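Number of protein chains: 4
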Amino acid sequence: MIIAVRNGTKKKDLAAFTEGLKRHGVDVHCSEGQSRIILGLVGDTSRIDADRLTAHHLVEKIIRVEEPYKMANRLFHPEDTRITVYGGDGQPRSVGAGTLAVIAGPCSVENREQIVSVARKIQQAGAGFLRGGAFKPRTSPYSFQGLGCEGLDLLMEAKRETGLPVVTELMAIHQLEVFDGVDIIQIGARNMQNFTLLRELGRCRKPVLLKRGLASTVSELLMAAEYIMAGGNENIILCERGIRSFDNYTRNTLDLSAVPFLKKKSHLPVIVDPSHGTGINWLVPAMAKAAVAAGADGLIIEVHNDPENALSDGEQSLTPEEFSSLMDSIGKYAAMEGKTL
Amino acid sequence: MIIAVRNGTKKKDLAAFTEGLKRHGVDVHCSEGQSRIILGLVGDTSRIDADRLTAHHLVEKIIRVEEPYKMANRLFHPEDTRITVYGGDGQPRSVGAGTLAVIAGPCSVENREQIVSVARKIQQAGAGFLRGGAFKPRTSPYSFQGLGCEGLDLLMEAKRETGLPVVTELMAIHQLEVFDGVDIIQIGARNMQNFTLLRELGRCRKPVLLKRGLASTVSELLMAAEYIMAGGNENIILCERGIRSFDNYTRNTLDLSAVPFLKKKSHLPVIVDPSHGTGINWLVPAMAKAAVAAGADGLIIEVHNDPENALSDGEQSLTPEEFSSLMDSIGKYAAMEGKTL
Amino acid sequence: MIIAVRNGTKKKDLAAFTEGLKRHGVDVHCSEGQSRIILGLVGDTSRIDADRLTAHHLVEKIIRVEEPYKMANRLFHPEDTRITVYGGDGQPRSVGAGTLAVIAGPCSVENREQIVSVARKIQQAGAGFLRGGAFKPRTSPYSFQGLGCEGLDLLMEAKRETGLPVVTELMAIHQLEVFDGVDIIQIGARNMQNFTLLRELGRCRKPVLLKRGLASTVSELLMAAEYIMAGGNENIILCERGIRSFDNYTRNTLDLSAVPFLKKKSHLPVIVDPSHGTGINWLVPAMAKAAVAAGADGLIIEVHNDPENALSDGEQSLTPEEFSSLMDSIGKYAAMEGKTL
Amino acid sequence: MIIAVRNGTKKKDLAAFTEGLKRHGVDVHCSEGQSRIILGLVGDTSRIDADRLTAHHLVEKIIRVEEPYKMANRLFHPEDTRITVYGGDGQPRSVGAGTLAVIAGPCSVENREQIVSVARKIQQAGAGFLRGGAFKPRTSPYSFQGLGCEGLDLLMEAKRETGLPVVTELMAIHQLEVFDGVDIIQIGARNMQNFTLLRELGRCRKPVLLKRGLASTVSELLMAAEYIMAGGNENIILCERGIRSFDNYTRNTLDLSAVPFLKKKSHLPVIVDPSHGTGINWLVPAMAKAAVAAGADGLIIEVHNDPENALSDGEQSLTPEEFSSLMDSIGKYAAMEGKTL
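If you read the sequences in order, they're chains B, F, A and Z.
full-length UniProt numbering puts the first sequence at residues 1 to 341.
full-length UniProt numbering puts the second sequence at residues 1 to 341.
full-length UniProt numbering puts the third sequence at residues 1 to 341.
full-length UniProt numbering puts the fourth sequence at residues 1 to 341.
Hint data in this document are derived by calculation from the structure and do not stem from the laboratory.
A quick note: this is a predicted structure, and the numbers were derived from the prediction, not measured.
Keep in mind that a hint or two might mislead.
All copies of an identical chain are treated as equivalent in the list; a pair is satisfied when it fits inside any one copy or across any two copies.
[Stated by the list, open to error] Derived lysine-lysine pairs resembling DSS-like cross-links, with alpha carbons at most 25 Å apart:
(1) 11 <-> 264
(2) 332 <-> 61
(3) 61 <-> 263
(4) 264 <-> 61
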C-alpha cells in the first residue's frame, strides 16, 4: 500500500500518523520528494482499512498495490484447488484442476417424477452433478418459493437413483440442519454479501458454490470467498452468473472475462452459469461453449423436462435433448482446453 | 396483464392455455385480431408469475399493466403512511405524512464517550433519531465488524441519556433477541433481497428502515417491502442510498428521482441517505438539501465527532458542527415543502 | 503522478525509463524503499498518457494525483466563469456566477405558431432563454429528424418576437454556417466525445452548452470541455442530463451529485436537464427543485403547448401552465441558494 | 405494436386517436375487453414513434412486438450477408457467411518500419486484414491524436507490401476524401450514434465496421446499422467491443452474448474486439477463443511490435509472437464452428 501525504504536512503530524500505521503490524517507509511525501507500507496490509485511511486529513491518495484477499490469492497458493465430492455412489467427482465439471438440472424441484427423470437424462448426457432448487429466492412474495424440505427429500431420492452428487441453494444458516445429504452448498447472487451467512459457512466443511452478486465486482467476489475461507472452509467454487448492466436484452450480462481474470488471481475453481447469465434458452449453448473456451472449470446449466410448464425460469431451461446435444460439443471444447469431462 | 399470443396458435391449444390462466383466479378476455390474438387478464394478477409465462411456447410477449405489489401500492392505500416511535422519553416522533425525519449518528458505535456525545450534539442540532452501527457489514473479513451486543448496550445508554429513538442495522434474524430497545430496525442494501430475513421481519412489529440494494430497481425495492408487509408488518420506511453505476467519482450514484417516483407509487415514507449515496462528506449538504427539495420524508446522515479517526466511513461523515449548520438550511427547505422537522 | 515500479527492476532499466519520462518536461523524483521503488513526477503531467505508461513492463501501478484537465480546472481559475449573451433585444442574460439561468422550450421546433407561442409563454413565466431542436438526433432513421434550416428560421422568428436568446443543438460542424443567429450552441450527449467536432468548436466564439454523455464519467465531461477550451473557446456550460444505469423506470438516471462535484472541481457553470434526466413529465418539477438545491447554475426544461401531439419527447414535456407554476417554486429555491433568476 | 388504452376513454376520443394512427399507413384492430380497450397495429410500424405515442393521454402502455429495424432484420433477409474486399493484391477476402475474418495490427500507426513489420508478421501468422489508426479518438486533447494523413499513407504502403486489405477509423465525414485506398471504414464506439455521419456513410459504398457504443443496447447498434443501410450501403459489419459496467477490472465489459443474439436477429456479420473489450493483453487470447466459440464471424486484435513503447493502448496489445500462437488455437476453434480462416 502506498500513501501520498498532503503537501505541507508537519513533521510532528506525519510522525504520529506513521506510528498509527505501524500499530497495524506493518513497516512504513517514508520517502520525501521535493513536493510530496510518500509512505510505502510493507507487510500484511490486508488488515488495514483503506476506506478508513482515506478520511484522514493527511492523506491525499492511496494505492493498494497488494490484493486485499490472502487465502483466495494465487500468490500464496500457486496450485489450482481441486474439490472432490463422492455423490450417492461413492465415486469421486472433482471440480477444478484439469476437469470440466458439468452441473445440470431444473431451476426448481417440482415433484419426484420430474427430478428423477431429469437426473437420469442429464447423467446419460454426461453431466457429473445434479442441481435443483428446494429453497428458492423469488423477487415476489407471491411467486412459488420452492418445495423446501420436501424438495430436499426428492433431491436425495434422485441422488440415490443416479449416484449423482447434489448441488442446491441454501438461503439461511438454519437450513444447514437439513443439508446433510447435500454435496455442494450453493450460495445465490443475492446472498453473496450476506456476511453473517458467509461467516457461518466458514465453520462447516461442505464445498460452497459461491455465485457472484448482481452488482459485485470480481474483487468483492474474492473477498466473499475470503470470508468463508478465513473461517476454515477452503472448498470454494466461484461462479460467474451475469451482472446487471444497462442493456436488458439478456436477463443479466454474462461477464466471461471474469473467468480468465479470476483464474489468474486465485487458485479456486471458476464455473459459469449461462442459464442465469443470459436468461434465454437459445443463447445457452453458445455461451456454454464460450465459457469453456475462456477457461472455465465447469458449467451449471438449467435443464427441465418440460420448460414451458416449469414453475420457475422455464424460458432459460434446455430440454434434456438440447442438453445432450450441447454436451457433445462441450466435450470437444473441453478437450481443446486440456480438460476432462 | 396483457398477453400477445403467437401467430398460428391452434384453437385447442389456446383454450387449454386460457383455462390454465383462469386457475390463478383471474378472468381472461380474448380478442382475436386479424393477425394476432390478445388475452387481457382481469383481477388480481400479482400471483401470476410473468417470468414463468414467458417460457410458454404460445406466448409472444407480455405486458404487465398492473404493478406487481399490492400492500405497498398507493392505489390500494391512497393516504400516506405515518410511522411513530416513542424513543427513550416517551415522546412521539414520526416518519412520513408531513414531517421531515432526521436520523443522524456515527457509522459505527465505537465507545460510550463517542456515542453519547454525538447523540447529544445531533439532538441539540435538531435531529429526531439516533443512528449507529453495532453489527457492521464489511467487504473484508479483516475489517472492523462492529462492537456487536456491546455496541447495542452503548446505543441504549445514549437513548437513555437523550431520549432519542435508536435506528440500527440488523444483519441476521437471531439478532432480534437483542433488539428489544431498538426503535427502528435498519436492513442494509446488501440484505434487501435476503428473502428469508424479510419474511421473518414480517412477523415482528418494529418499524423497518429498508435500504435499496446496490443493483436493485425501485420495483424490486417495493417488492422487498411487500415481502415484509405480506407477513403483517406494515411499518416500512423506504430508503434511497445510491446505486452502482459506471462512474465512481462518488461511492454510489444517488438516484434522487426515486424519491418522487416512490412517493407516487407507494404510500410508504421515503428517506434518503446522502452519506452512503455520495461517500464524500463535502457533497452531503448539497445532496441533503436536494433530497428534501425532491420530496423526501427524511434523511439519514452520518455524523462523527472525529471523522479522521472513525473506525469506518470517516470520509463521508460530517462533524457535529457541519451537521448543525446543515440543519439550519434543511429546516428552511422542509418548510418550503410544507414539512415540519 | 506517482508510479510504483515493479520489484527487481534493474538500475539501468530504471534510469532509461526515468529519462523517457523527463522528456515529457516533468521532473522525476525517485524514492527507493526497502521493497519497492516509487517515482514522483512533478510539473505539468497533463501531457503524460497514463494509459500508455501502464503498459510498460517496469510499471506496477500509477496514481494520478493531479486532475488531467487544466483549463477547466478551478485550481488554475478559482473564480466562477460567467457567460453572457444578448438575445434579440440586446439585453444581457447570464449563465453562471450567481444567476439561475432557465432555458425552456419544445424538444423540436414544429411550426411557427408552436414555437412563437411557446416562446411567449415561457418568457411570461420568467424563463431567460428559448430552446428548441431544429436538427434532431433520433435513434431510428425513420423517426422525425427535425425541420433543419426551416426550424432555425422559425427559432429566429421567435427570437425576434420575444428577444429571448436561442439555444439549439448542432449535430455537425458544417451546420455552423447557418447558426449565426443562435446564441448558445448545444452539443448533445451522443456527441460529447465527437472529438473532431469539439476541436472545431474551439475555433468558434459562441458559448457551448455541453451535455454529459450517456456513459461518460464527470472526468470525461471535463476533458470534453477541455478539448473545446484548448482551442480557445472558454465559454462552456456543463450540463448533467442523466446517465445510463440498470434501472429504467426513468429514461436516464439523473446524477445530481455531479452538480456540487463539478462546481468544486471546475469554474464552469453547471446546469441540469430534468426533462431528459427523467423522461417523465410528472417527475420534472421535483427534480428541477432538487437541482437548484444541489447548487445548479441553471435548468433546461422541455415545454410544449400540446405535449400529447408533440413530434418528439412529449412524455417528458411540461405544459406552459405547469412550467409557470414550477417557476414560482424555482424562484424561491434560487433565492435560498443566493441566486437571482 | 399493441397499445393498451386507458380505462374510461370516450368513443369519440378513441376514434380520433385511431384515425391518427391509420395516417401512418397501418391497420388498427380494436378489441374492447371488459375493463380495457386494446389496439393492435398491423403493417409497417417501423415509422411509428413509440416514444411519441407514450405521451398521449389515452395511452396506458405500448408493446412493440416487431423489431424497429427492417433492413438489418434477418426476418426480411434470412441469408447471412457476406462482405468481400480485395486488398492490395486483388485477392478476395470475406467477412461473414462461413469465414472467420481476423483483423490485426497496432492501435496507432506510428512509423513506416512499425506498420510494415507488424503487417508482415500478422500476415505470416494468418491474419486476413490489417488494422491501424491514423485518426485517433482520445479522451484528452493533450494525448497523441494519430498521424492523420501521413498515417494513412503508411497504411497504404503496408497494403502494397503485403496485399492485406486495410481497416482504419474515420472520425469525420470530410476524411472520406483521403480514404480511397481504405478497404473497410471503421466507425468507433463514440461515433456509433453520430447520426449525421451514419447518414453520410449510407451514400458511400465501402464496407463499414460499426462498433457498439459504450452504453449502447444491441437494439441501438442495429438501429445505427439501419441508418447506414437506409441510405443504400448494406455492407455493414457489427462489432462487439465491450460496454461500460460498474466493474472496472477490465477496461470494458465484453458482452459476448451479443454475438449469438445479433446473429439470430440480423443477417449482418458480427465480429469481436477482445483488445478493447478487456484492455488487458493477457486476457485477449482467452476472450478471442471464447468469441469464436460464441459464434463470432471474426476478430479484431491489437498487435504491436513493441507494446511497451506503443504510443497508445500498449497494455492491451499482443506481441507478434503472442498473436501467432493465438492464431494456432483460433484455427482449431474456427474449424469446430465450421468456419474457415
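Consistency of the hints with the structure:
no.	hint	verdict
1	11 <-> 264	neither (42 Å within a copy, 29 Å between copies)
2	332 <-> 61	neither (49 Å within a copy, 36 Å between copies)
3	61 <-> 263	between (30 Å within a copy, 21 Å between copies)
4	264 <-> 61	between (27 Å within a copy, 18 Å between copies)
When each numbered hint is compared with the structure, violations occur for hints 1 and 2.
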